[in-house]
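**Student:** Taken in sequence, the protein lines are chains R and D. First residue of the first sequence? That's 56 in my numbering, and the numbers climb one at a time after it. First residue of the second sequence? That's 56 in my numbering, and the numbers climb one at a time after it.
FYI, nobody ran anything at the bench for these hints, they're computed from the structure. These numbers come from a predicted model, not from an experiment. Errors might be hidden in some of the hints.
Note: identical chains are not told apart, hence a pair may lie in one copy or across any two.
Stated by the list, open to error - Mimicking PhoX-like on lysine-lysine, the simulated pairs with C-alpha atoms at most 25 Å apart in a straight line are:
| no. | residue 1 | residue 2 |
| --- | --- | --- |
| 1 | 147 | 234 |
| 2 | 160 | 235 |
| 3 | 88 | 237 |
| 4 | 237 | 188 |
| 5 | 122 | 88 |
| 6 | 147 | 237 |
| 7 | 197 | 224 |
| 8 | 129 | 188 |
| 9 | 234 | 198 |
| 10 | 129 | 206 |
| 11 | 129 | 160 |
| 12 | 235 | 250 |
| 13 | 147 | 188 |
| 14 | 224 | 198 |
| 15 | 147 | 197 |
| 16 | 147 | 235 |
| 17 | 95 | 160 |
| 18 | 162 | 250 |
| 19 | 160 | 201 |
| 20 | 250 | 237 |
There are 2 protein chains.
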Amino acid sequence: MRNILLYISYDGTDFSGWELQPGKRTVRGELEKALTHLFKRPISLSTVSRTDAGVHALANIVFFQTKPQTIPVKRLPAALNSVLPGDVRVLKANDEVKGKAKGLKVKSKIYEYLIFNGETCPPLIRRYVWHLKPRLNLAAMKKAAKYLIGKHDFTSFCAAGGAEQDHTKMLFAVNINKKKIKIWGGLEFEVCSLKFQGDGFLYKMVRNLVGTLVDVGLGRIRPEEVEIILKAKDRKRAGRTAPPQGLCLIEII
Amino acid sequence: MRNILLYISYDGTDFSGWELQPGKRTVRGELEKALTHLFKRPISLSTVSRTDAGVHALANIVFFQTKPQTIPVKRLPAALNSVLPGDVRVLKANDEVKGKAKGLKVKSKIYEYLIFNGETCPPLIRRYVWHLKPRLNLAAMKKAAKYLIGKHDFTSFCAAGGAEQDHTKMLFAVNINKKKIKIWGGLEFEVCSLKFQGDGFLYKMVRNLVGTLVDVGLGRIRPEEVEIILKAKDRKRAGRTAPPQGLCLIEII
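The task is simple: from the sequences and hints, build the whole structure.
**Tutor:** See the structure below:
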């Protein structure tokens, strides 16, 4: 058996997330349908990052096992993209001959969350940002973010329903910056970017971190309180959960 | 009576264009519904640019007449946006006291068309680009574009169904360039941008110009042939019509 790795990108807007759910349109469901069509036998996919409903991915990694195959790996992306819907694309395919464990060792993941902080959210970017009208205090948010960096038990930021027993994760970096999106014409849209790099993330952890940092930015929580929230290991102590459409899985290292 | 001007932006993806159509969701329909709700009487809108189904607008201008009003013009954008769907936003409202004619004199309009020219179209930008796999020859397209600039009868690029009798328009500039879209993470998507500035555009004219320039870029039409096509004043001589989702009305001057 061989492990085939697929590097995929998707627009989460019209998906009920990665994981299969009866009667729902999911990323895994669409990909398995395409693979089953191509290989003419049922294929089951795994992933290193199960994203939630509405969350986007610039580059996620998924994998499946197959016998030494008839379809060359190089031709898989084009073959799959020809049958997949436009909101999910296979960017690259690798044949991991050295075994599953080696091929799938994830050192870190990078997520980015975008916030449009202003009165009127431009319709053309609304699918990819959280629209917040009151002005955010980025300096306070940056201060609060420092308490989150490092190896911690992130129970306070883990939603119920996650499968993991151990809530200890290593957060390497949290970068909060203003940045400009320029797509059409000369117009630039300024957004706040919150980038998280860690060795792994718990269920809804990024969105819970963003929600709490936003509460800091709005003056509802003091930056120092974030340390207390973290130590409390209690979900009820942290802020709200940020909506999914602002979140994008950027990279898996 | 006073003329109220609204500066609006919309994502054309889920609209059947600007103009009212029975049973269809249109930009005008949604705006008139919101205005009628706000003013508690039927309000009919006009525009300086009726965009087609699927075409976007960064900034379009629409207007309506009203009696000296109870709602201050300054408060109109927020009031309208609170009842409008997220894919259309009112950016600004002006009270044109000097009369209709003066307020609505359009000197020029700028449209931009984006093409993703590569094997795999990133899902996150697919709503705003035309995906073309074969490599475009931009130099040939730029050469062809020069024949289009100036005052011409653009009948060859006017779709049937337009209301205008006079097909003479002034095209001030056509700029064709590669540009980079950078939204998430460090990843950049390279797209081809075709920008058109003119004193007015006929029905589907921009999309027909793009279609013909793309045919030049693919080697189907020689750059010099564009001059012959223009002089033929015959729609059948020009290239295909580019799909709507790549087109965005950028500015009205």
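**Student:** The structure should be examined with respect to each hint, and the outcome stated for every one.
**Tutor:** Structure-based check of each hint:
1. Only between protomers do residue 147 and residue 234 lie at most 25 Å apart by alpha-carbon distance; the minimum there is 24 Å, versus 29 Å within a single protomer.
2. When the C-alpha separation of residue 160 and residue 235 is checked against a cutoff of 25 Å, the pair qualifies neither within a copy, at 34 Å, nor between copies, at 32 Å.
3. In this assembly of identical chains, the alpha carbons of residue 88 and residue 237 never lie at most 25 Å apart, being 36 Å within a copy and 31 Å across copies at closest.
4. In this homomeric assembly, residue 237 and residue 188 come within 25 Å of each other (Cα to Cα) both inside a single copy, at 21 Å, and across copies, at 24 Å.
5. Taking the shortest alpha-carbon separations for residue 122 and residue 88, only the intra-copy value of 18 Å comes in at or below 25 Å, while the best inter-copy value is 59 Å.
6. In the homo-oligomer, the alpha carbons of residue 147 and residue 237 lie at most 25 Å apart only across protomers (21 Å), although the nearest pairing inside one protomer, at 27 Å, exceeds that limit.
7. Proximity of residue 197 and residue 224 under a CA criterion of 25 Å is satisfied intra-copy only: 20 Å inside one chain copy versus 53 Å between copies.
8. In the homo-oligomer, the alpha carbons of residue 129 and residue 188 lie at most 25 Å apart only across protomers (17 Å), although the nearest pairing inside one protomer, at 47 Å, exceeds that limit.
9. For the identical chains of this complex, residue 234 and residue 198 are intra-copy neighbours only, at 19 Å inside a copy versus 36 Å across copies, given an alpha-carbon limit of 25 Å.
10. With identical chains, the CA atoms of residue 129 and residue 206 are never at most 25 Å apart, being 39 Å at best within one copy and 50 Å at best between copies.
11. Proximity of residue 129 to residue 160 under the C-alpha cut-off of 25 Å is restricted to the intra-copy arrangement: shortest distance 22 Å within a copy versus 56 Å between copies.
12. Taking the shortest alpha-carbon separations for residue 235 and residue 250, both the intra-copy value of 15 Å and the inter-copy value of 21 Å come in at or below 25 Å.
13. Proximity of residue 147 to residue 188 under the C-alpha cut-off of 25 Å is restricted to the inter-copy arrangement: shortest distance 16 Å between copies versus 39 Å within a copy.
14. In this homomeric assembly, residue 224 and residue 198 come within 25 Å of each other (Cα to Cα) only inside a single copy, at 20 Å, whereas the closest approach across copies is 57 Å.
15. Taking the closest pair of Cα atoms, residue 147 and residue 197 never come within 25 Å of each other, the shortest separation being 36 Å inside a single copy and 33 Å across copies.
16. Taking the closest pair of Cα atoms, residue 147 and residue 235 come within 25 Å of each other only across two copies (21 Å); inside a single copy the shortest separation is 29 Å, beyond that limit.
17. In this assembly of identical chains, the alpha carbons of residue 95 and residue 160 never lie at most 25 Å apart, being 29 Å within a copy and 62 Å across copies at closest.
18. In this assembly of identical chains, the alpha carbons of residue 162 and residue 250 lie at most 25 Å apart only when taken from the same copy (16 Å versus 43 Å across copies).
19. Taking CA atoms no more than 25 Å apart as the test, residue 160 paired with residue 201 passes in neither setting, with 27 Å inside one copy and 54 Å between copies.
20. For a Cα distance limit of 25 Å, the shortest separation of residue 250 from residue 237 qualifies both inside one copy, at 19 Å, and across copies, at 15 Å.
Checked against the numbered hints above, the structure breaks hints 2, 3, 10, 15, 17 and 19 and satisfies the rest.
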